[in-house]
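Undergrad: Letter by letter, the chains look like this.
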Amino acid sequence: MKAFKNPALALLGLCLLGVALNFSVNAYIQLILLFAGVNCLLSMSLNLVNGYTGQFSLGHAGFMAIGAYFSAYASTRWSFAPSSLLVVQYFVFTLGAGLVAAVAGFLVGLPSLRLKGDYLAIVTLGFGEIIRVALLNMDFVGGPRGLSGIPGFGSFLWSFAFASLWIVICFFTIWRVMHSSHGRGFLSVREDEIAAEAMGINTTRMKVKAFVLSSFFAGVAGALFAHFTNFINPSSFTFLQSVNAVIMVVLGGMGSMTGSIVAAIIITVLPEALRPLQELTGVDLRMVIYSLSLVLMMILRPKGLFGDMELSDVWRKYVRRSA
Amino acid sequence: MQDFVQHLINGVSLGSIYALIALGYTMVYGILKMINFAHSDVYMVGAFAAYYFARWIGIENDPGLSTLLTLIVVSMICCSLLGLVIERLAYRPLRNSPKLNVLITAIGVSLFLEYSGQVVFGADPKVFPEVMKDFVIFSIGNVEVRSFDVTVLVVGLLAMLALQFLLFKTKIGRAMRAVSANPMVASLMGVNPDRIIAFTFVVGSSLAGVGSVLVGMKYPKIDPLMGMMIGLKAFVAAVLGGIGNVGGAVLGAMIMGLSEEMVVAYLSSTYRDALAFGILIVILIFKPAGLLGKYSVEKV
Amino acid sequence: MSDVLLEARKITMRFGGLKAVDSLEFQIKKGQLAGLIGPNGAGKTTVFNMLTGVYQPTSGEVLLEEQSLQGLAPYEISHRGVTRTFQNIRLFKNLTVLDNVLIAGHQHVKYGLFDTLLQTENFRTDEKRLQEKAIDLLKIFHLEDKAHKPATSLPYGEQRKLEIVRALATDPKIILLDEPAAGMNHSETHHLMETIAKIREEFKLTVLLIEHDMKLVMGICENIIVLDHGVKIEEGAPAKVQNSAKVIEAYLGVEEKE
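Protein chains in written order, with my numbering: chain W, 1 to 323; chain H, 1001 to 1300; chain Y, 2001 to 2258.
Bound conformation, chain W alone:
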């Protein structure tokens, strides 16, 4: 039971926050906050591959797409629960979305993870695009039109609570894995593959494991995305979405869980916050500023906001220094 204490507390805290937000902000901001939750899942999961395991995936959107399509398709066709137990049904479908994405991750990861660096980046990019083109050509999921009328949760509070549940699951899963021998195995792959092999680490297996776990949560993020927007089509999951996920990981600091979360929130909110500027100038400069700040960050603060430290480490350092 002890193992569930912290996750439960975290979930409770997030739900209380949800209640507060439910009454304090308008529907538009609420939707953005839900997207921030989806992005948190994306960045935390990609951090596992790009940050902790040191592999470079540029195809995260593909796995997100698979999860989104699975859950969307399932909930429009295979509804099984009475309306009072709808949340259970959503949970089952989201779990299923994660599992399907994880299988896809395994199939993609097994052949491509033998490659390193740029090559791996390109292959994952290629797989991500192939998934999208495949969806584009599949009529039973609507082809280019996509799927619409995906049922949602009805209220912000339920949506937020559901997102919180998955964020808590994702956070504690990755956190605990990283504080175990398996997580240390991931890190050893990042640090030095040849030394890791010599010390008995099956580096291929480690990479595939990290990739599969990462794909699972990307699929979950996709499912949430589908239920929050109620409409998906292949162009929701372009190369740009994968790039976005990478940017969040790098901005937060490679190998920092809390950094990924903070960065996900910033990246979601920033374009919205720049909207007034658009109204002022009459042209849409948001993406120009966004891309420019990306380049500037790489040059001026290449390690991201937190480097590989967690928020708690940063806090401790600050307190110790000032004390």
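Since the hints were made in silico from the structure, they are not lab data. What you are looking at is a predicted structure, and each value in this text was computed from that prediction instead of being measured. Glycine included, C-beta positions come from ideal geometry on N, C-alpha and C. Treat the hints loosely; a few may be bogus.
[Said to hold, decoys possible] Computed, partial: chain W to chain Y, Cβ under 10 Å:
| hint | residue |
| --- | --- |
| 1 | A3 |
| 2 | F4 |
| 3 | T173 |
| 4 | H182 |
| 5 | G185 |
| 6 | S188 |
| 7 | R190 |
| 8 | A196 |
| 9 | E197 |
| 10 | M199 |
| 11 | I201 |
| 12 | T281 |
Position chains H and Y against the provided structure of chain W, taking the given hints into account.
TA: Chains H and Y alone, transformed into the frame defined by chain W:
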């Protein structure tokens, strides 16, 4: 059979365009070991430079060899300047950074050019000036050899020969190859790697400039996102041939151009874009160094 | 013959046209402290790479306790009990000293993903056992106080020692040390060699070490294999090797060529 020959001609023509752009990717990769994602957007800017220049001096409706050459030169100059600026401002400060950071910067520059392009040029497609009349030079049976294809082939070939000459017959070409083989040793031998790298960007970008005018001539709609797909395919061509290898890029581009033409002709056009990625994945999994590349083994 | 632990049978390594190692044969007996010496560029590290599966020999095979290691991945060879250190230190640089050692213990971990996620009793006891064992190993070289520092913060000599500790954490049968004393001064080297001898006793290990300084290994090695240009030119007890004309020529010859 005659159909097949016609497709062959079209494929080679398409391949030459891919080759011009693929060379830029491969040269930069050869020297910096980085994927210059912004390369395809330099190409896009080249097309717009030609477009605005033609309108400015009023030759947009004046097809002919002089118009073609003028626009090629203008596009080459603009592209090389842009390539130089990108290298100087965005890539040079990251010379010793982790690869991931460099790659993200390249993506950032690419996005910056695309979105700035949408703001500055507008998101709607523009009609490229008519630089040449498209007519049938000669035909054998149903096989037509058109002026566009011949122009693309001739200009492409000339540009590649010039590059070949530059790389293997000149002093700066030798320095480029030296820096590509080993920047440390090259700099000890008195070559300034920074200048050579900058020069590589100039050469690669100007080839993209040539490509942009040829594409503008053949497919006269240009827009700020025009570089994305063609850039990706050119890049796949470079990887296919063995990235970093100049001859490989041309070979890869020809294979890409021909196979794309054949797939569209004999299978279905919906697979056109998936084909590039399919080839890419197969080649990287089975022969990661590409057809003509060398896969380096890490020293222990 | 059952006292042979590691055996190389005509192992050859080609890189393109170059034969880095040519039909090399040797046997290492259980519990032995053997040395592999030779001038720079003789192919010593290539031999280590073949023994540990980093390279697959072009021809010939390596046997551990009469079992062929052919075709095994480096991690599988590590699981069978062959471990090593690296000439150009390959620690997990950004990780702590303790984590470096813990990673080498991964192959002995008994808990799975489920135990990890639910933080079961199994997870906690096993993790505790791993940590205690790692600290014990660090004590050999008095590194336990630095357990939570990043590996890069250690001075050079201690990094070499940490590599040995890390290798020991795999519970090896044989440990291959690639120039363990490189960059150390005379007294440090002497001390290190004593510790290596002590470790061998304590863990009932077999040791094969590379050194290009011949004098150094004479003191502690029981059997010495001399390599030059990828070919074994001499093997035997220190006294025999020391007086071999071929060995003297190989060492002096190198200087002449340069």
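Undergrad: Let me make sure I understand: some of the numbered hints might not hold for this structure. Which ones are they, in numerical order?
TA: The structure conflicts with hint 12 only, although it agrees with all the remaining ones.
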